[in-house]
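Listed in order, the protein sequences are those of chains U, R and A. Quick note on my numbering: the first sequence kicks off at 1 and runs consecutively. Quick note on my numbering: the second sequence kicks off at 255 and runs consecutively. Quick note on my numbering: the third sequence kicks off at 479 and runs consecutively.
Don't read these hints as lab results, they were simulated from the structure. None of the values given here were measured: they were computed from a predicted structure. Hints may be right or wrong, so weigh each one.
Facing chain R, from chain U, some residues (calculated, C-beta under 8 Å) [stated by the list, open to error]:
1. L59
2. Q172
3. G186
4. G189
5. L190
6. A213
7. G219
8. A221
9. L240
10. R241
11. L250
12. L253
Calculated from the model, a selection of chain U residues having no Cβ within reach of chain R, i.e. all distances over 10 Å [claimed, not checked]:
13. G18
14. G44
15. R100
16. G183
17. V196
18. A207
19. R214
If the Cβ cut is set under 10 Å, some of the chain R residues that face chain A in the computed set are [as the list claims (entries may be wrong)]:
20. A270
21. G271
22. H273
23. R344
24. L345
25. R347
26. G372
27. R411
28. T421
29. A425
30. R426
31. P472
32. V473
Built from N, CA and C at the ideal position, the CB exists for glycine as well.
Below are the chains, spelled out letter by letter.
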Amino acid sequence: MTTSAAGVRARVSIVARGDGRGGTVLPDLEGEGPLAIRRTRGLGAEARVMLVGAMSGPLGGDHFTVSARAARGARLRVGSAGATLALPGQDRAEARYDVRLTVDDDAELLWLPEPLISVRGSDLSVTTRVDLAATARLVLREEQVLGRSGEEPGRLTSRLTVWIAGDCVLDQELACGPGAVEGWDGPAGLAGHRAVGQVLLIRPEFATDPPTARSWEEGAAVMPLAGPAALVTAVAPDALRLRRLLDTALASLE
Amino acid sequence: MSRAALLVLADGRFPAGGHAHSGGAEAAVKAGRITDAVSLEQFCRGRLHTSGAVAASLAAAAALGVDPRELDRAADARTPSPALRLVARRLGRQLVRAARATWPHPELDELAHQFPKGAHQPVALGTAARAAGLGPQDAAYCSLYEGVSGPATAVVRLLGLDPFDATAVLARLAPALDRAAQDAVEAGQRALSDGPEALPARSAPLLEIGAEAHAKWPVRLFAS
Amino acid sequence: MSLGHHHDGPAAVPADAHRPDGTRRALRIGLGGPVGSGKTATVAALCRALREELSLAVVTNDIYTREDAAFLLREAVLPPERITAVETGACPHTAIRDDISANLEAVEDLEDEVGPLDLILVESGGDNLTATFSKGLVDAQIFVIDVAGGDDIPRKGGPGVTTADLLVVNKTDLAPHVGSDLARMEADAKANRGELPVVLQSLRGERGVRDVADWVRERLAAWTA
């Protein structure tokens, strides 16, 4: 971890490997500064890791990097101990949060952090890049909540790019909050909804048997992508209803 | 470059199928999110800066000569909604048909051959612009303008909105459109040097969700 | 053909009468006319009359969703893969005249998927008396009016009534009930149309759609000659 006038730079790295007997081991866990990692009890073959402390930041000027890799044979589940708050820094500089996920063949990653809350006056740019091998599996959830209860949101930009065997199957950026693109909260964007999220599901079997597109009037859709992947997108008035919608939509894929 | 050729390509009556599409406006009207000229303008601004900016950048990149197959894959990755991917390919196919008859050009023949069911419409538009002797800025302008004029025309039909009010909305969007066209050209140039990953990827959640719902309505006026 | 370019993709010129392999493509006949004049019923009757002897398909252009296609599917006049609906964005005349790109795609896809076809019927959404098909889309067109729409329509004319290759005055069985003068309608139509044929038809009558079907057979014989 380094601290400078510009803010804190912190890095977390998680590596999981198959142990060759159907289980998963965590040979390599590194956390620093405001970001800590905790192993928790996993279910069956799965190893479980919790990100702790991300809730205190990032502040303006901070730059966090989290990387996780599920190597061959691993089943890794990553969650967070609570919501992550994007907070304003003293000089109102932009904060960055970069997530780098890698899933090898015959491995599965479940990336299921709690929501990111964009607090009034904050300015955060999140990038998430996922690289998967051809037979890798992924469940990735991301939820953004715009402002604490009754509060104006900060500015938030989040870009998600997903590559499977070297092909980009999803490249999506959401920009919202004051000073974001015009019309972000209008009838085409969020229309007053204060929570937006998605769940990405990647399964090799979708290549031959893609899921069916569906939509829910409350504001959700299951969308098979141009590749062995499906994206659930939802908007809701708040985090609780968002999670419910995402879960409902996800259940239709099971 | 011929300025008149730009007018031909940008004309709402250019026979490339756009008249049957509302650009998501029909779904937004039904959901009660577009009710008047003010909400139409907000809808158009949101569209202009998200899927509109992406489409214009793809069109500019195609007009600059970036490989259409790469751009088509980039368009797929930026269009999670299968309903919108289908619409984009249909409209691309219709545009290539019209453009081949209007400005015969080997690159259009090649595109029709590579994508018998249609390339994404912005890729077709950029290629059509090349065939018409137009540049990336022209392609970006065409793309951005039809991206907002389509919904405006549709809302006139759907809500009985005063057509003068709808046209005034388009006029108020002009400065934003000018800036977006410039951004799209720069993004197209970056795609030429750094590959299609350099293209913008901004999305509008309700356009995607609304398109999926709309595609399944049993009764509707517009195809999308 | 756009000379000077090879093309094995879709045709560059819409009115191109040949398939990419050089054989003559299906004859395309358009059916237009006002709302409720019996276009869809005529299409259904034609399908029943011709389906045994010809390979045929239908494209419908609904003003509003896919009602007409749904009717034809319900009536099972053709297998479902031979019926395609085109959505028209509230403007049926635009889709058959000013911007025919979606309809051309539909007819080409039908040829690709269920072809080779002898005949494709393209039904317009119900519209007004000025709605006619582009020659880039169809090879011949039938305009269907009915006695209940007013017996002065043939006299008033309009592009559909005066220029269609065949004018059908439909629902003649209703003439006594709505007070329409059939003889006058026929005379007015003939006066407006010169040599172009007129058929008076009641689908409930014994002859049914036979006259229109015969006209279609003649057109097809000329097309393939």
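(message) Under the constraints set out in the numbered hints, which ones does this structure not fulfil?
(response) 1, 9, 10, 11, 12, 16, 17, 19, 28, 29 and 30
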